[in-house]
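J.: Spelled out from the first residue to the last, the chains are:
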Amino acid sequence: MRQPKLRRAMTAFVALAAAAALTACGGSGSGTDSGKDALEAPGAEVLEKATDKTTIEFWHGMKGANAAAIDKLVADFNAQSGGKVEVKAIYQGNYDETIAKYKASVQQKNTPALVQIYDIGSRFMVDSKQTVPMFKFIDKDKFNAGDIEPNIANYYSIDGKLQSMPFNTSTPLLYLNKEAFVRAGLDPTKPPANLDEIGEMAKKLTVKDAGGKTVQYGFGAAIYGWLLEQLIATDGKEYCDNGNGRKGLATKVQFDQETGVRVAQWWVDLVKGGYATNTGRKTDDAQAAFKAGTVAMHLESTGAMRGYVDAAKGKFTVLTAPYPKASGAATGGPIIGGASLWINGVGHSDKEKRAAWEFVKFAVSPAQQARWHTGTGYVPVNAKALDEQIDKDWVAQYPQFKTAVDQLHALPPSVASAGCLLGVMPQARKASEDGLEAAIVGSKPADQAMKDAAASVQPAIDSYNKSVG
Amino acid sequence: MTSTPPTVRRGTPARFTESGLGWLLLLPSVVVFALFVFWPLGRTLYLSVHGNDLFGAPSVFVGAEHYREMLSAGFGKVLATTGLFTLFSVVPAVLGALFVVLLLEARIRGVRVLRTAFALPFAFSVATASVVFAVIYNPAIGVANGVLGSLGIDRVNWLTDPSIALPAVCAATVWMNFGYNVLVLSAGVAAISPEVVEAARLDGASGWRLASRITVPLLSPQLFFLVVVSTIHALQSFGQIHILTKGGPDQATTTLVYSIYEKAFAFGSSDFGSASAQAVVLLVVMLGCTAVQFGVLERRVHYR
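So the protein sequences, as listed, match chains A and B. Residue 197 in the working numbering sits at position 197 of the first sequence; the count goes up by one each step and never skips. Residue 251 in the working numbering sits at position 251 of the second sequence; the count goes up by one each step and never skips.
Pulled out of the complex, with its shape left as it was, chain A reads as follows (with noise of 0.2 Å):
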């Protein structure tokens, strides 16, 4: 009598866990759309015709009071989108950790209809060929796009298509500590247009106390492959070649070649001589440094303006200045870049795409963008969006801000300017950073420096190339 139980026991279980294998393994599929048409857009019609609502994911890597504003947006837009259509916001960790969980999710063909990735994760998109290229519901819709910041938009098209939709942008500021400006008998109106102005400034801003200890540096900024990255640009250089990886896909990466290491024996000789602070590659601690008015000149994102001006109140004044240039001749712009927003076609119905290009289209509107620039400090990327009221007290209040949008108007559409546009761009600027601070802390000459971190980025180049070429 036992066995035959323990049998049935043991086959039950087996049973059990068969079909438990096959449910966890059928999960995807079902009336999607996996065609040759997943990557075209849908008309309006789509969504008119529906009689149900649509649900559609949204994934970004925005916290604080950035998440508050996204939240906001969603909130607005499934509000006014008369039921039809629901927009559900998922926090997906910061960048890096977005872009892994959208690979992992093509992986599963389970991706979010639409998903915010940064500017540096442009290439892979593009590449991974599960994306509606944003200009196609452009032209489907007649939609007018001219109101989106040219240099920003520039950034995020190929052959002048417009690959995704920006949403927000920052660009990289030159920051003054006014006061220490005065102490130095340095006219805080005229900031310093180029490294080498920087350099000399510096000396004169590096305040040693009695002891001989340091109180004040000159300049201190993090060790961010980004500014590195803004500064190559600035001088009309490419990043990466094959025209910043526009033309074709770029089969290697530039940052050691003459401006790179001209910018690495810059930032060198400023640690070495004691003008200018290392605090290490946390954007954190740099910013850390400055507020705390160790620093008098400084180099970050438009978005830690917010925070400055709060943590200044009271001890000093912060004033922002153009991002300075890589040499005196230089006449190029920074890169502007941020993140973006991408509609996945490949698994995703008609009317799925349809709702998430809806969302774009109002993320994008003069009226939000006002809202979220005020909300967050990010640049709109509508110019119209500077026209509206809010906008406008905001900027009354915060004329720091001012800046950076003279800044990107004042840009040249350029090639350089554009930014490299490379599938492993993450590892490149990782590499940038390595070269960086081996140059900074002296255990490498720059040039060697430089040069190595290029080729250690090589090989994630060509296996890239090689797995989408």
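These aren't lab readings, by the way, just hints derived from the structure by calculation.
In silico lysine-lysine, DSSO-like type, Cα no more than 30 Å apart, as pairs:
no. : chain 1 : residue 1 : chain 2 : residue 2
1   : B       : 246       : A       : 213
2   : A       : 272       : B       : 77
3   : A       : 72        : A       : 101
4   : A       : 252       : B       : 77
5   : B       : 77        : A       : 451
6   : A       : 444       : B       : 77
7   : B       : 246       : A       : 252
8   : A       : 466       : B       : 77
Once you have looked at the hints, place chain B on chain A.
T.: Frame of chain A; chain B shown alone:
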């Protein structure tokens, strides 16, 4: 059930039932082990000999290519850093705890308070303690430099100088492990039978002699346990490195585990092949360390 005389035919199923029952009882742990240990291990080995596509999924078979990559100079540095980190976080934490526990044997007032205080770091998670140390070491507004500054000493680049960062991270790790070590050794001391100590005292042993000839040998099982366990812990350390230095500056604190993390997850690299190959190396290193410890140290352990 009718009672029939036992036959050969009936004997086999009876034995089968018994071993079947045994397997059934083992099933839960076998399933858990298979799911969470053997399958991941097999998967790691599989990934370590395959390339990756754009999304990180295994693609073509590449043989030993990922292992060959490791012959570069960079990986040698990672192994050296791992070794130094392990050595300088395990040895000071065990010896320091032993020293403190022996001192706490002194019959002074408030020894219980002191014992609790020394064991307290055990209550901190790695992440919490690391954040605290990040504030202490902060290059811009750090507590350590503040204290040094008020004493008129110039700042130390705790986490931004490659030659200081590793010792600084080791020091933080020692602090984190100290409490647990004190706890284990205190329990060991408490378990030493008073007669043995008394007999030694009657023979005239005290102080250093008592400690070195009686207490420490009797603590050797606990010491051995701590060395083995904290070596494994040190080889697996991730939190403090991630929070304090992210493997920098200039790769000075990139240990094997941190290198695996960077290959697999950081900077969107999704290089699970290389990461898996390094994970296999980590497994071999760990097995090797443990085998050596059992081979060399355990001989000298005095089990009561």
